[in-house]
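Participant: Sequence:
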Amino acid sequence: IEKKEEKIEKKEEKIEKKEEIVSQNSSTKESECPDFNNKINVFNEALINFSEPAGFTTLLTGFCELLNNVHQSKNTWMPNSMTSITCYQELLIVLLKFLDVNESMLQYMTSQSSIADIVIPILYIMYTSRNNPGRVGLLHLCAFILLRFSSEREFGVQLNQIVPLKLPIDIQTANGTLADFLILVISKIISTHPEGMTPLFENLMTILANVSPYVKSISMPASIKLLALFEQFTSPRFLFAAPQHHHCVFLLVEVFNNIIQYQFAGNTPLVYSLIRRKGLFDRLMSLPERLIEKAKSRQKNVSSEKIDQSALVALGDQEMQLQQQSNHNNNQQDESNTGNTTEREERSRTVSKSSTDEHDKTKQILNNTTSTNTVENLPPQQWKPTILWLEEWIAKLPIHTINSMFTALIARVEQFISEGNVSDERQILNFLSKTTVVGLLPLPHAIILRKFVFVFCF
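Each residue of the sequence shown is one higher than the one before, starting from -13 at the first, in my numbering.
In case anyone wonders, no lab produced these hints; they're calculated from the structure.
Be aware that a few hints might be false.
[What the hints assert, rightly or not] BS3-like cross-link-like pairs, simulated, lysine-lysine; straight-line CA separation at most 27 Å:
id	residue 1	residue 2
1	3	-10
2	152	264
3	4	-10
4	25	83
5	437	382
6	382	282
7	0	202
8	174	152
9	280	382
10	83	437
11	202	174
12	280	264
13	282	420
14	60	174
15	420	264
16	174	280
17	0	-10
18	-7	3
19	382	370
20	60	152
21	202	152
22	-7	4
23	437	174
24	264	174
25	-11	0
26	202	25
27	-11	4
28	-11	3
29	264	202
[Said to hold, decoys possible] Derived CB-CB ranges, DEER-like:
id	residue 1	residue 2	range
30	409	184	42 to 48 Å
31	68	40	24 to 30 Å
32	34	428	40 to 46 Å
All figures in this text were calculated on a predicted structure; none of them were measured in a lab.
Cβ coordinates follow ideal geometry from the N, Cα and C atoms, glycine included.
Build the full structure now, drawing on both the sequences and the hints.
Facilitator: Encoded structure:
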């Protein structure tokens, strides 16, 4: 019995020792447990404090090599001769994180000419992903990176370098600049109008507005695309779709103003395109009057404040049909840059009268057509445009610089054409390049650079 009691006592002592050891270990673990509320993100701090120039060079070279693999692996003579990486989306996220937390890294990248080796694959990814609904997030990611780049002046300067593009896409800019490629890709994304991309239009136009004061030369194809975007943004169908869509018009007008005021000498193709499409600006400024006229013809003795919304919706569809019919031939002639010289001369002579002719045609179409759109067909909570809303933002549109350019140049171009010295479109461009508008335009406005900043809402 005594031996059994001794064994039991020894077992109890062992159990007590084990409990003491367990309690000591648990207390040490609790003391070493990190406090996530006050813990510093070591990786984030490393990115913020990273400031070695040699390290910036290594990172920039690595980003360029890996991102260019996306299109180089699909543009080889022998299929599958180059392995394609699959982590380029994660690579873009890391790049955006670097640019967001490290201002020195952003300034270094935008000051290097090799920034083109990052911009080109980003634009290629955006172009190839534009029609894929599953890649809307990737499009937003690429747009945010470009928006972050565009907030730096040096990035706009670097866009003037000529880059030989050999990409497996249908957009090629022979001897074009990086700015031309940027404009062509953005216009292609907006014109295809993929589902879920409309909220991104304002960001894309902000990129163009940020870099426009520093772009020395825009090619004719890119200039035509900019005017096509203006036509799309000023169409009633687009303006009446959401209350913030007119912001795109303001940003695009800012692009035109920046180029006219700061880079007029090297952008004669854009100036010529603006003169040829002057009717677009006249049609936008007279849009409220046409709306009131049409709405009152439907509802007699009604003030402009009480006009039925169905008139606005109906006019939006009818105006879009009119624009497609009246501008289809002009767009084809602009893009081909060829055609009959006599027709060009006649079109240039009547450039100041195009607005009146289009207005008469609009009234004729509206008087001979009816629309089945009614307010009942709209969703109950859908935003509805009003005449007062339209008049309010059109009155604030900064179009004075463009109108001053029209006043100064249209008469000169018409006189030059009437003298019979024009046999080709290039002669008009040469004439505009030798024409000065010093003292004829308003004082240059301040350059505005909009920055992209992450906002976290919890």
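Participant: Is residue -7 close enough to residue 4, meaning Cα to Cα at most 27 Å?
Facilitator: At roughly 17 Å apart (the allowed maximum being 27 Å), residue 4 and residue -7 satisfy the hint.
Participant: Quickly compare the C-alpha distance for residue 264 and residue 174 to 27 Å and report which way the hint goes.
Facilitator: holds, 23 Å
Participant: Is it true that the CA of residue -11 sits at most 27 Å from the CA of residue 4?
Facilitator: Given that 27 Å is the threshold and the Cα spacing comes to 23 Å, the pair holds.
Participant: Can you confirm whether the C-alpha distance between residue 420 and residue 264 stays at or below 27 Å?
Facilitator: Holds: residue 420 and residue 264 sit about 21 Å apart, inside 27 Å.
Participant: Is the Cα-Cα distance between residue 152 and residue 264 27 Å or less?
Facilitator: violated, 35 Å
Participant: Quick one, are residue 264 and residue 202 close enough, alpha carbons at most 27 Å?
Facilitator: holds, 23 Å
Participant: Tell me if the straight-line CA distance from residue 4 to residue -10 falls inside 27 Å.
Facilitator: holds, 21 Å
Participant: Hey, residue -11 versus residue 0, does the alpha-carbon distance stay inside 27 Å?
Facilitator: It holds: about 17 Å lies between the C-alpha atoms, which stays within 27 Å.
Participant: Taking only the CA atoms, is the gap from residue -11 to residue 3 under or equal to 27 Å?
Facilitator: With Cα atoms ~21 Å apart, residue -11 and residue 3 stay inside 27 Å; holds.
Participant: If you draw a straight line from the CA of residue -7 to the CA of residue 3, is it 27 Å or shorter?
Facilitator: Answer holds: residue -7 to residue 3 is near 15 Å, not above 27 Å.
Participant: Is the hinted pair residue 280 and residue 382 satisfied, with a Cα-Cα distance of at most 27 Å?
Facilitator: holds, 24 Å
Participant: Please verify whether residue 174 and residue 152 have alpha carbons no more than 27 Å apart.
Facilitator: holds, 18 Å
In this structure, the hints that do not hold are numbers 2, 7, 13, 16 and 26, in rising order.
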